[in-house]
Amino acid sequence: MGEEVKGEFEPRIIGFTCNWCTYAAADLAGTARMKYPPNIRLIRQMCSGRVDPLFVLKVFLRGADGVFIGGCHPGECHYMTGNLSARRRYSMMKKLLESVGIDPKRLRMEWISASEGIKFSDTVKEFTAQIKGLGPGPFRHIETEGKEQK
Amino acid sequence: MVKGDMYLAQASDEEILKQGESGGAVTALLKFALDSGVVDAVLGVKKRDGNNRYDAVLDLITDPEKVIDCAGSLHCVSLNIARNVKEYLGGAKQMKIAVLCKPCDARAIIEIAKRKQINRDNLLLIGLNCTGTLPPVVAKEMLISEYEVDPNEVVMEDIEGGELIVTLADGTKIAKDLLELEKKGYGRRDNCRRCNVSIPTLADIACGKWGVKEGEKKTFTEVCSDKGAEFIDNAIKTGVIKVEPPGEDAIEERKRKDREAIELSNKCEAEDLKELREISLDDRLAYWLHMFDRCIKCFSCRDACPICYCKKCFLEPDRGYVKGGEVPPDRMFHLTRLAHDGDSCVNCGQCQDACPAEIPLTRLYLMLNIKLSPMFDYVSGMDVEQKPPLIAAKDEEASIDDIDIFLVKGEAGEVVPQQ
Chain V
1 MGEEVKGEFE PRIIGFTCNW CTYAAADLAG TARMKYPPNI RLIRQMCSGR
51 VDPLFVLKVF LRGADGVFIG GCHPGECHYM TGNLSARRRY SMMKKLLESV
101 GIDPKRLRME WISASEGIKF SDTVKEFTAQ IKGLGPGPFR HIETEGKEQK
Chain S
1001 MVKGDMYLAQ ASDEEILKQG ESGGAVTALL KFALDSGVVD AVLGVKKRDG
1051 NNRYDAVLDL ITDPEKVIDC AGSLHCVSLN IARNVKEYLG GAKQMKIAVL
1101 CKPCDARAII EIAKRKQINR DNLLLIGLNC TGTLPPVVAK EMLISEYEVD
1151 PNEVVMEDIE GGELIVTLAD GTKIAKDLLE LEKKGYGRRD NCRRCNVSIP
1201 TLADIACGKW GVKEGEKKTF TEVCSDKGAE FIDNAIKTGV IKVEPPGEDA
1251 IEERKRKDRE AIELSNKCEA EDLKELREIS LDDRLAYWLH MFDRCIKCFS
1301 CRDACPICYC KKCFLEPDRG YVKGGEVPPD RMFHLTRLAH DGDSCVNCGQ
1351 CQDACPAEIP LTRLYLMLNI KLSPMFDYVS GMDVEQKPPL IAAKDEEASI
1401 DDIDIFLVKG EAGEVVPQQ
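Those protein sequences? They're chains V and S, same order as listed.
Take the first sequence: its position 65, counted from the start at 1, is 65 in the numbering used here, and no numbers get skipped.
In the numbering used here, each number is its position in the second sequence, counted from 1, plus 1000.
None of these hints come from the bench; they were simulated from the model.
Worth double-checking, as some hints may not be accurate.
Claimed, not checked - Far from chain S, some chain V residues (derived; all Cβ distances over 12 Å): (1) 9; (2) 28; (3) 46; (4) 132.
Claimed, not checked - Derived Cβ-Cβ restraints for the label pairs, each shown as a range: (5) V:46 / S:1316: 20 to 30 Å; (6) S:1003 / V:136: 54 to 64 Å; (7) V:73 / S:1358: 45 to 55 Å; (8) S:1255 / V:46: 44 to 54 Å; (9) V:136 / S:1383: 36 to 46 Å; (10) S:1286 / V:130: 17 to 27 Å; (11) S:1320 / V:79: 20 to 30 Å; (12) S:1040 / V:75: 43 to 53 Å.
Backbone N, C-alpha and C define an ideal beta-carbon position, used for all residues, glycine too.
So that you can see chain S by itself, here it is in the shape it has in the complex:
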C-alpha cells in the first residue's frame, strides 16, 4: 500500500459496524491503533454525558473498548484540538497519539509542528472530511424555528450538495438550502462558509463518505502518507477492517463533490468579503478600528489561536507594545496578532468563536492570508516540511535585486486606485 491509494473500508466487528456512522471504519482503525500499540492513546471527541449532540468533550482514550464512545460525527461542535494537543498533552512529545481531526485541526497541528511545539512524528492524524460545522446554540435555535423539530430528536446532521440535511430518530430526513439558512443568520460557522479544504489529504489518512453509494455503510479512505500506508496495511492484515477498491465512478463522485464544495466556499468568500474589499481604505480602517474598539481585552483570541506561538506573549504589558489595564486595548493588540499569525492562519475560526465581543476576526485574517498565499507560494498547514514564509528566505533570492519580487509587478505603488 502506498501514498495515494484509496479504499472503501468497513469495520469487521459487528458492534462497531452498527454504531459507526459510515461503516465504522474510523472507529475500528482507532481501536486497532490502541490494540496494536501503534499509539499510546487516542484523542477523540465524544458527546457530553453520552447523549448531548450540541456539546462535546475531548477524550484521551487509552482503553480500546472505550473508543466506540467517539463513534458518529458531530456537526455542532468544533473543539480546539490542535491547541489542546499543544497545551495539555505536552505537544505529544512524550506519548504517541492518534488524533481525529477535521481539515482545519490537522492544518493547525501541522503549523504548530513547524514551530516545534508539537512533535508530528508522534501523531497519527486521522482526518475526517468536513464541509462545515455549526455553532451549537444557533443550531438549536435553527432546528426549532426553521426545521420545527425538537433538537433532542436529531440523530444526524449532514451538509451535502448545498443543503443541510437533518435526520430524526424515526428516520425522517429534512433538507433545507444552506445558503438560504445562512442568509437568516443560521447555518455554518462564519469561517466554515469560506473554507476550501474539505478533504484532509494533509493528514495521514483521510476518511469520509463522499464516493460511497447512498445507503451503503462504508468509508471512503485515502492513504495520504507513508505512515498512514503502513498503518492501514497492518489493519487490513489483522482483519479489523474489510476493504475493497472503489470504482472509477466513486473516485470521480468524490472529486466532483470536493469541487462543488470548493466552488461553494469561493462563492461565499466573494460574497462575505465583497464589501470590505470594495470600500475605500479610509472606510476599511474606520471599520476595523470600530471593531477593535469593541475588544474587552479578554485574551480569548490569543489563547484559542492554535498558531500563536510566542512563549512570552507580545501582548503582555511588560513587552512594551500594549499598555496594561486599558480597555479597549491599544490597537497594537489586534495588529500584533495579525502580523504574527496572518501568514499562517488556517481559517479554523477558533478566535472568532472565542470572542465575546463578536469581532469578525476570521474575515480580517482570511483577507490577509488570501493575499499572502500566492505571493509566497505558501498554503498554511499543508506540508510540515515547508517553513513559514517569513523565515523561509531562499538562497537564490540573494541574487535578485528587485524589492518587489513577491508583489505583483507595479502593485507595490499602485495597490490602491488614486482618488
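Okay, chain V solo, but in the shape it has when bound:
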C-alpha cells in the first residue's frame, strides 16, 4: 500500500460489482469526474449472485478491512434472480461474520443501477468513512502472498 500516508489509517476495501449495473455506475462516476475515495478496489463479477460467501471470507482473511457488494435493483437482474440469491447470502454472511467475531458492519451491500453514478460515489464515500471509524480489519496485519495459492 504505497500510497498510504504514514500514521493515518487508509482502509483497504474490496468491492464485488455486477457487470451490468454497479460496475457501469463506477464507470459513469469515473467519466463524470466524480470524486470518491481510492480505497475501494473493484472486482467485476457477471452478477452479484456470483459472489460466493467464500469470496467474502477469503478477502477478509487476506487482510481486507471491508467488503462491498454491488448489484442490480431487485427485479432488474440480468439473470432474473441472481441478485435475490445474493441478498439472501449477504444476510447469511452478516450473521456468520457476527458469529465468528468479525464486525458485520465491515460488509455492505447496495443496489446501484448503471445510471446511478452519484449513488456509487456516495456509497463508497460513506462506507470508507464507516470503515475508517471501525479501524483496521482483524486480519489487516497478515501480509498477502501475492501469488496464486495452489
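Place chain S on chain V using the hints.
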C-alpha cells in the same frame, strides 16, 4: 388412518413383546415391513457382539427373523445414520429401506434428500423419541464414579424429567439429576443438551413412550405422513400390532413432557452460549481462532457431517481456498464449512464427536443457525419440500427493494453495540 393419528401400540408376537423395550411395537413394525415387502431392508442399530451397550453397529437387515436383534434402545451410542445411508447405501436410490432414526438422524436425512443425494421416496423413516444420547466412554466413567455400578450390569438408561435413570439387571433403578451430572462433565453429548426436537414428527412414524403409563408395555405412536398412515393401516390389518386409542390424558402427558424437554434445552442453550454471546466481537474472534488453531486437519468433521454436500470438496487443496499440507489449516477450512452448512445444520453433533482436537463446533454452528432460522423462516430438516434458504429466493422478493429484508430493522448497521 390419516396423518396426525395417534395410537398406543403393542406387538402381538409374544417373543417380540418380551424383548422389545416398550411393547415391541417398533420391532414388530419393522418385521412386518420386511415380511410384507414394503421395504427391501431395515437399517437398524444393534449392540456390538450382542451385549455391548456402549458400542453399537449399524446393521442392514434383510431377514425378518433378525430384526429382533435391534430391539431395545441404546442411549450411549449415536451412529451417523444419515451419512451412512448416503455414502454406503447409495442414497437409497436402488433399494427401499426402513430406517430407525432419532430426530437428528431424520432431519439430516431430509436435508440430504433436499440436495438429491438420498431418495426420500424409498425410505420409510421410523422416528424414535430422543431426549439425548451419551458419549460411551464418558458414560462408563460416570456409571463407575457417580452411580457406583458396574457398567456391564446396566440394562437400561432413560432420561426423564431432568433425571438420568439407570436400571440394573436386578431391577434396581438409580436416578440422578442430569444437569448436576453435566456440570461435572458427565451426562449427555454437548449438542444433545441444546437439542429441542424430541419427537420426530418429521419422520413417517414417531414412536416413543411418552404418554404411556408407568409399567405398561406399549409404544405411543403418531402417524406423521401419508406413507406412514398406509403402512400402519396394513400392519394393523395383518394383526402384527395391537392398537388402542390413547386417552386425552395420555396425549396431554406426552405434550407436557415434550414441552419440558424443550424448556430444558432452551435453558441449556442459554447457559452454554451465554459467554460466547456476551463477549466482545474481538474476544469472540480470538476464541474461535484459538479453537481453529487446534485443528489437525484430519477432515473428520467434513467426513462426518451429513449436510456436507459438495461432490468435489472446497477444502481440497486444488480448489484454491485451503492450502495443502498446512497444519493448522488456513482459517478458511472451518469458515468454508460454516458458510456451506450453517444454514442447514441439524445439530446432530457428529462433527464434534469426530473431532480429535475437541473443537466445540456444534456451538459455532448452533449460534449461527439460531440466528438464521427465524430470518429465513426455515427450520432445517423439517420439510423435504422446503428448499435450503440460500437458494430459495421467492418471486415476490423481486419487488422489494430493501437490502435488509431478512435482517431485523436497523440491525444491519447496529448489530454490535458501539464501543
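Going through the hints against the structure:
No beta-carbon of chain S comes within 12 Å of the beta-carbon of residue 9 (chain V); the shortest separation is about 16 Å. For residue 28 (chain V), the non-interface assignment is confirmed: its Cβ lies about 20 Å from the closest Cβ of chain S, beyond the 12 Å cut-off. Once the 12 Å rule is applied to beta carbons, residue 46 (chain V) is consistent with being away from chain S; the minimum gap is 18 Å. For residue 132 (chain V), the non-interface assignment is confirmed: its Cβ lies about 15 Å from the closest Cβ of chain S, beyond the 12 Å cut-off.
At about 25 Å, the CB distance of residue 46 (chain V) to residue 1316 (chain S) agrees with the hint of 20 to 30 Å. Checked against the hint of 54 to 64 Å, the C-beta distance between residue 1003 (chain S) and residue 136 (chain V) comes to roughly 57 Å, which is consistent with it. Between residue 73 (chain V) and residue 1358 (chain S) the Cβ separation comes to about 47 Å, which falls inside the hinted range of 45 to 55 Å. Checking the proposed 44 to 54 Å range against residue 1255 (chain S) and residue 46 (chain V) shows it holds: the Cβ atoms sit about 52 Å from each other.
A beta carbon spacing of about 44 Å between residue 136 (chain V) and residue 1383 (chain S) agrees with the range 36 to 46 Å that was offered as a hint. Separation of residue 1286 (chain S) from residue 130 (chain V) is about 23 Å and conforms to the stated range, judged on CB atoms against 17 to 27 Å. For residue 1320 (chain S) and residue 79 (chain V), the Cβ-Cβ distance of about 24 Å falls inside the hinted range of 20 to 30 Å, so the restraint holds. As the Cβ distance of residue 1040 (chain S) to residue 75 (chain V) is approximately 49 Å, the hint placing it in 43 to 53 Å holds.
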